[in-house]
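Trainee: Chain by chain, the residues run as shown.
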Amino acid sequence: MSVDDERLMAFADGELSGTERAEVEAALAEDASLREKLAAHQRLRTRLSGAFDGALSEPVPASLLSAAEKPRTAEVVNLADRRMARWSVREWGAMAASVVLGLFVGVGVMSAQAPLMSPSPSGLVARGALADALETQLASDEAGAVRIGLSFRDTDGRYCRTFDLTDGGTAGLACREGDAWNVAMTTAGAGGGEVRQAAASEQILNAVNAMIVGEPLDATSEAQARDAGWE
Amino acid sequence: MTSAAEQTRSDIVAMLPRLRRFARALTGQMADADDIVQIAVERALMRMDQYQPGTRLDSWLFSIVRNAWIDEARSRTRRGKVFAPAELGEQVGNDGEAEMHAKLEADDVWSAMRKLPEEQREAVALVCVEGLAYREAADALGVPIGTLTSRLARGREALQMMLGGAS
Numbered sequence: 001m002s003v004d005d006e007r008l009m010a011f012a013d014g015e016l017s018g019t020e021r022a023e024v025e026a027a028l029a030e031d032a033s034l035r036e037k038l039a040a041h042q043r044l045r046t047r048l049s050g051a052f053d054g055a056l057s058e059p060v061p062a063s064l065l066s067a068a069e070k071p072r073t074a075e076v077v078n079l080a081d082r083r084m085a086r087w088s089v090r091e092w093g094a095m096a097a098s099v100v101l102g103l104f105v106g107v108g109v110m111s112a113q114a115p116l117m118s119p120s121p122s123g124l125v126a127r128g129a130l131a132d133a134l135e136t137q138l139a140s141d142e143a144g145a146v147r148i149g150l151s152f153r154d155t156d157g158r159y160c161r162t163f164d165l166t167d168g169g170t171a172g173l174a175c176r177e178g179d180a181w182n183v184a185m186t187t188a189g190a191g192g193g194e195v196r197q198a199a200a201s202e203q204i205l206n207a208v209n210a211m212i213v214g215e216p217l218d219a220t221s222e223a224q225a226r227d228a229g230w231e
Numbered sequence: 001m002t003s004a005a006e007q008t009r010s011d012i013v014a015m016l017p018r019l020r021r022f023a024r025a026l027t028g029q030m031a032d033a034d035d036i037v038q039i040a041v042e043r044a045l046m047r048m049d050q051y052q053p054g055t056r057l058d059s060w061l062f063s064i065v066r067n068a069w070i071d072e073a074r075s076r077t078r079r080g081k082v083f084a085p086a087e088l089g090e091q092v093g094n095d096g097e098a099e100m101h102a103k104l105e106a107d108d109v110w111s112a113m114r115k116l117p118e119e120q121r122e123a124v125a126l127v128c129v130e131g132l133a134y135r136e137a138a139d140a141l142g143v144p145i146g147t148l149t150s151r152l153a154r155g156r157e158a159l160q161m162m163l164g165g166a167s
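Heads up: the protein sequence lines correspond to chains A and B, in order.
Position one of the first sequence corresponds to residue 1 (my numbering), numbered consecutively onward.
Position one of the second sequence corresponds to residue 1 (my numbering), numbered consecutively onward.
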């Protein structure tokens with residue numbers, strides 16, 4: 001009898017039993033090319049094991065362990081659920097590239113040299129280098145401790161800006177109220193790679209989408225708004 | 001939390017190494033893999049009531065990992081973001097770790113897996129990497145068993161071509 005490729009594969013994977021299995025075994029005994037195909041299946045399995053089995057002996061990162069051991073808590077304070085039109089991919093990309101995500105906890109943000117945010121009667125307010133960056137830095141400027149992403153006007157006519165902390169900390173969104181920048185939201189997450197970063201970007205972008213009026217400021221209007229003191 | 005739920009939670013912890021292995025095969029990226037596992041674990045814990053004790057926890061978790069990856073891949077497509085494996089190593093904070101990641105990701109098998117169509121890659125990852133039976137893999141993917149085997153056959157054939165007979 002002839003053994004087609006799928007049947008041989010099922011044999012190699014231990015999926016056959018009884019008569020079916022015996023038939024393939026009989027065919028293998030007679031057919032060297034079939035034996036070679038079987039050997040190729042086995043070699044592929046070995047190579048796949050060699051490539052991926054490392055994960056079984058490596059220590060599991062603490063971030064994963066704590067995700068499995070702790071109940072999930074809300075990471076994001078979202079301002080509104082309203083959704084508006086998304087803006088262009090180019091602008092998104094500029095921001096996505098700039099967002100780095102970290103854990104927004106007292107230790108990470110509050111105690112590093114001068115505090116970057118502090119509570120006030122109207123909520124969390126940007127301080128120190130974060131306040132300076134929000135006030136004066138353009139998205140195109142070289143980032144210091146803070147990178148600036150998008151700037152836009154919200155439904156209350158305020159200027160708002162997205163930011164992230166370059167030391168792998170918090171990403172967030174702040175809006176200018178009076179003379180201060182109120183931090184409207186921050187994202188948190190224990191380090192991580194691109195997916196987490198992208199998820200954080202998306203959370204911030206969703207908030208931006210819910211707040212924005214019109215389009216984000218382009219470079220010229222961003223500089224003009226800054227020069228006019230964000231009034 | 002009930003003791004059954006506590007038991008499930010500790011079973012999930014015990015599954016983490018396998019979930020990481022599966023996610024690596026599925027994403028072809030070290031950092032992505034752990035991100036996806038983390039998202040999946042968080043989802044699994046939120047949906048623990050959907051898990052039926054006595055059924056296979058691994059298949060259930062694999063399907064959550066796989067769905068997390070599909071969601072991520074979709075949202076990347078939506079955002080017009082190009083899948084750029086080579087750049088990833090550079091973003092990892094620690095140099096030694098980045099080097100290790102880059103080295104692994106550059107491996108022939110990893111790069112061959114990344115080139116497979118998603119549906120073939122997930123079939124190969126479940127059966128050839130994780131050792132699931134066809135029935136279990138088909139259930140985890142929510143497809144008929146015939147669909148699973150044909151994806152698996154095509155995926156394997158493509159891998160063997162790319163890897164030069166897998167010698």
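Simulated from the structure, these hints should not be mistaken for lab results.
Any given hint could turn out to be false.
[Unchecked claim] Beta-carbon label-pair distances, calculated as ranges: (1) B:Ala-4 / A:Ala-29: 18 to 28 Å; (2) B:Thr-55 / A:Ala-219: 17 to 27 Å; (3) A:Glu-36 / B:Glu-6: 33 to 43 Å; (4) B:Ala-4 / A:Asp-167: 37 to 47 Å; (5) A:Ser-221 / B:Thr-55: 50 to 60 Å; (6) B:Asp-71 / A:Ala-29: 46 to 56 Å; (7) B:Met-48 / A:Ser-49: 25 to 35 Å; (8) B:Thr-55 / A:Ala-39: 31 to 41 Å.
[To be verified] Chain B regions said to be covered by chain A (calculated; three or more residues, Cβ under 8 Å): (9) 6-18; (10) 51-64.
[As the list claims (entries may be wrong)] Cβ-to-Cβ under 7 Å is the rule here; a few derived chain A residues that face chain B: (11) Glu-6; (12) Met-9; (13) Glu-15; (14) Leu-16; (15) Lys-37; (16) Ala-39; (17) Ala-40; (18) Leu-44; (19) Arg-45; (20) Leu-48; (21) Phe-52; (22) Ala-55; (23) Leu-56; (24) Ala-62; (25) Leu-64; (26) Ala-223.
Backbone N, C-alpha and C fix where the C-beta goes; we use that ideal spot for every residue, glycine too.
Trainee: All hints, please: hold or fail.
Mentor: Do the hints match the structure? See the list:
1. B:Ala-4 / A:Ala-29: 18 to 28 Å: violated (50 Å)
2. B:Thr-55 / A:Ala-219: 17 to 27 Å: violated (56 Å)
3. A:Glu-36 / B:Glu-6: 33 to 43 Å: violated (51 Å)
4. B:Ala-4 / A:Asp-167: 37 to 47 Å: With Cβ atoms ~42 Å apart, the hint holds.
5. A:Ser-221 / B:Thr-55: 50 to 60 Å: holds (57 Å)
6. B:Asp-71 / A:Ala-29: 46 to 56 Å: holds (48 Å)
7. B:Met-48 / A:Ser-49: 25 to 35 Å: For B:Met-48 and A:Ser-49 the Cβ distance comes to about 31 Å; the hint holds.
8. B:Thr-55 / A:Ala-39: 31 to 41 Å: With a Cβ separation near 35 Å, B:Thr-55 and A:Ala-39 satisfy 31 to 41 Å, so the hint holds.
9. 6-18: Check passed, 6 qualifying residues.
10. 51-64: n = 0 at 8 Å, threshold three: violated.
11. Glu-6: Because about 5 Å separates A:Glu-6 from the closest Cβ in chain B, which is inside the 7 Å limit, the hint holds.
12. Met-9: At 6 Å from the nearest chain B Cβ, A:Met-9 passes the 7 Å test, so the hint holds.
13. Glu-15: Since chain B brings a Cβ to about 5 Å from A:Glu-15, closer than 7 Å, the hint holds.
14. Leu-16: Status violated, d = 11 Å.
15. Lys-37: violated (9 Å)
16. Ala-39: violated (9 Å)
17. Ala-40: Hint holds; A:Ala-40 Cβ to chain B Cβ min 6 Å, cut 7 Å.
18. Leu-44: It holds, given that the least Cβ distance between A:Leu-44 and chain B is near 4 Å, below 7 Å.
19. Arg-45: Hint holds; A:Arg-45 Cβ to chain B Cβ min 6 Å, cut 7 Å.
20. Leu-48: holds (5 Å)
21. Phe-52: holds (5 Å)
22. Ala-55: holds (4 Å)
23. Leu-56: holds (5 Å)
24. Ala-62: violated (11 Å)
25. Leu-64: holds (6 Å)
26. Ala-223: violated (27 Å)
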